[in-house]
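A.B. asks: Okay, here's what each chain looks like letter by letter:
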Amino acid sequence: MKSSEKVSRDLDLQGRSNRQNELTAKWWSPKGVLRFALPILITGAVLYVPIGSTALRNNGQQTESKTPALDPAAMEALDKMGAYLRTLKSFQVRADVSTDDVLEDGQTIQSNSKVDIVAARPNRLRIEVNADDGHRFFFFDGKNFTIFGQLVNYYATIPAPPTIAQLTEDLSNKYGIELPLLDLFEWGTNDTTIKRIKGAMDVGPSTIDGITCEQYAFHQDNVDWQIWIQLGDFPLPRKLIIRTLTDDAKPQHSEMLYWNLAPSFSDDAFTFEPPADARRITLADLEAQSKKENK
Amino acid sequence: MRRDMNRFYVISALVVIVILLSGPTLSAQRYRGSAHTNINHSANINRNTNINVNRNVNVNVNNSYHGGGYYYGGCCYHPVAVAAAVTATAVVTAAVVGSIVHSVPPSCTTVIVNGLAYQQCGNTWYQPQFAGTTTTYVVVNPPR
Chain A
489 MKSSEKVSRD LDLQGRSNRQ NELTAKWWSP KGVLRFALPI LITGAVLYVP IGSTALRNNG
549 QQTESKTPAL DPAAMEALDK MGAYLRTLKS FQVRADVSTD DVLEDGQTIQ SNSKVDIVAA
609 RPNRLRIEVN ADDGHRFFFF DGKNFTIFGQ LVNYYATIPA PPTIAQLTED LSNKYGIELP
669 LLDLFEWGTN DTTIKRIKGA MDVGPSTIDG ITCEQYAFHQ DNVDWQIWIQ LGDFPLPRKL
729 IIRTLTDDAK PQHSEMLYWN LAPSFSDDAF TFEPPADARR ITLADLEAQS KKENK
Chain B
42 MRRDMNRFYV ISALVVIVIL LSGPTLSAQR YRGSAHTNIN HSANINRNTN INVNRNVNVN
102 VNNSYHGGGY YYGGCCYHPV AVAAAVTATA VVTAAVVGSI VHSVPPSCTT VIVNGLAYQQ
162 CGNTWYQPQF AGTTTTYVVV NPPR
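From first to last, the protein sequence lines are chains A and B.
Per our numbering, residue 489 is the first one in the first sequence, and the count goes up by one each step.
Per our numbering, residue 42 is the first one in the second sequence, and the count goes up by one each step.
Treat each hint with caution, since some may be false.
[To be verified] If we take Cβ atoms under 10 Å as the criterion, some of the chain B residues that face chain A in the derived model are:
1. R71
2. N79
3. A158
4. P169
[As the list claims (entries may be wrong)] Per label pair, the in silico range of CB-to-CB distance:
5. A:K631 to B:P147: 52 to 60 Å
6. A:S586 to B:V154: 35 to 43 Å
7. A:D690 to B:V154: 55 to 63 Å
8. B:P184 to A:F722: 48 to 56 Å
Simulated from the structure, these hints should not be mistaken for lab results.
Please read all numbers here as calculations on a predicted model, not as lab measurements.
For every residue, glycine included, the Cβ atom is placed at its ideal position computed from N, Cα and C.
Work out the full structure: start from the sequences and follow the hints.
C.D. replies: Right, here's the structure in full:
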């Protein structure tokens, strides 16, 4: 089978090169160029439009006929995981995170970071992010929020709202800060996140880092995402992949999650004690700035 | 002879076409966007615009001894914050007050005024700030 394929390919190549040899005698003369270029251009122009439009039409039909199915098992697993996460009074999760950035021409560039979160509900948080582009810390002790950039040795502290949920909202809307692994704090808190899901499927069992999980895939308006949930009595998310659909390059974000459900910490852990040489700066209120700009 | 000329025209035309088709000229690539980092909580913030890709460039240029210059956060700044710079009034300093930069010259010194750090670079004063998780420097009037 393989040899016959090879033979036929060889034959074909020879045939082509023979023909080319005949043609090269005159191909570069103006007449010759015209003789070959014109038919190609004309057929190209004639074929291009219909092919392009049918391709578009086919795509349109495909997306229309794609009926969003919500597999009840997948939705139930998500509910169960959310409810379980809400029972955790405190936890530590370490994560290997990668995120695609997209260049102007559509090429994606991946950046990586290691994240370490210690959370004590409802109002204490300590996050360390060691990324390609910096090493930063976030502290929330129920009263103040601090961001500390170790490389610049700057920190900024602002009075904070009373809960983690309100804090993440404020940081995102006013200050342009998205805390990492935010979904861990969203699941199981409200129905709106569930209602956004347009498609859900149970992919099947999958082993992540030696732990047997069930893999699920979900579709929403702007993102497709997959989650690996540990099987058994501790339905923890072990892996999460989010694919952004609003950019043609479909950049991807992924998190590998490593859990510690019995973290040891003192209350001081959540309050920022500036190193002697660290300098305080401000945290820009970007929302206020953009409002001012729009006036 | 005439045949040679014809050949010359055809070949030079092909060369021109090849040059035209060989794509955009080499220039620094910039970011146009980024992946969502969570499912439901997407901040209305456009990261990454107008910043060169190469991390090494950023580090080498900006990692100054005084700690004021390191371009922390690498890739990202907030376009809104930059746009806001345009409205500021100009005074007689080396740089326009209100304009925002990602690094300051290496010769600057850190000065603390009312507990906040400033970078003084000759007659120009910069106030460092976190814009999102990125450090930017706003040109300000002398704080004292």
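A.B. asks: For every hint, state whether the structure bears it out.
C.D. replies: Do the hints match the structure? See the list:
1. R71: Holds, about 5 Å.
2. N79: Since the shortest Cβ distance to chain A is 4 Å, the answer is holds.
3. A158: holds (4 Å)
4. P169: Because about 5 Å separates P169 (chain B) from the closest Cβ in chain A, which is inside the 10 Å limit, the hint holds.
5. A:K631 to B:P147: 52 to 60 Å: violated (37 Å)
6. A:S586 to B:V154: 35 to 43 Å: For S586 (chain A) and V154 (chain B) the Cβ distance comes to about 41 Å; the hint holds.
7. A:D690 to B:V154: 55 to 63 Å: holds (60 Å)
8. B:P184 to A:F722: 48 to 56 Å: holds (54 Å)
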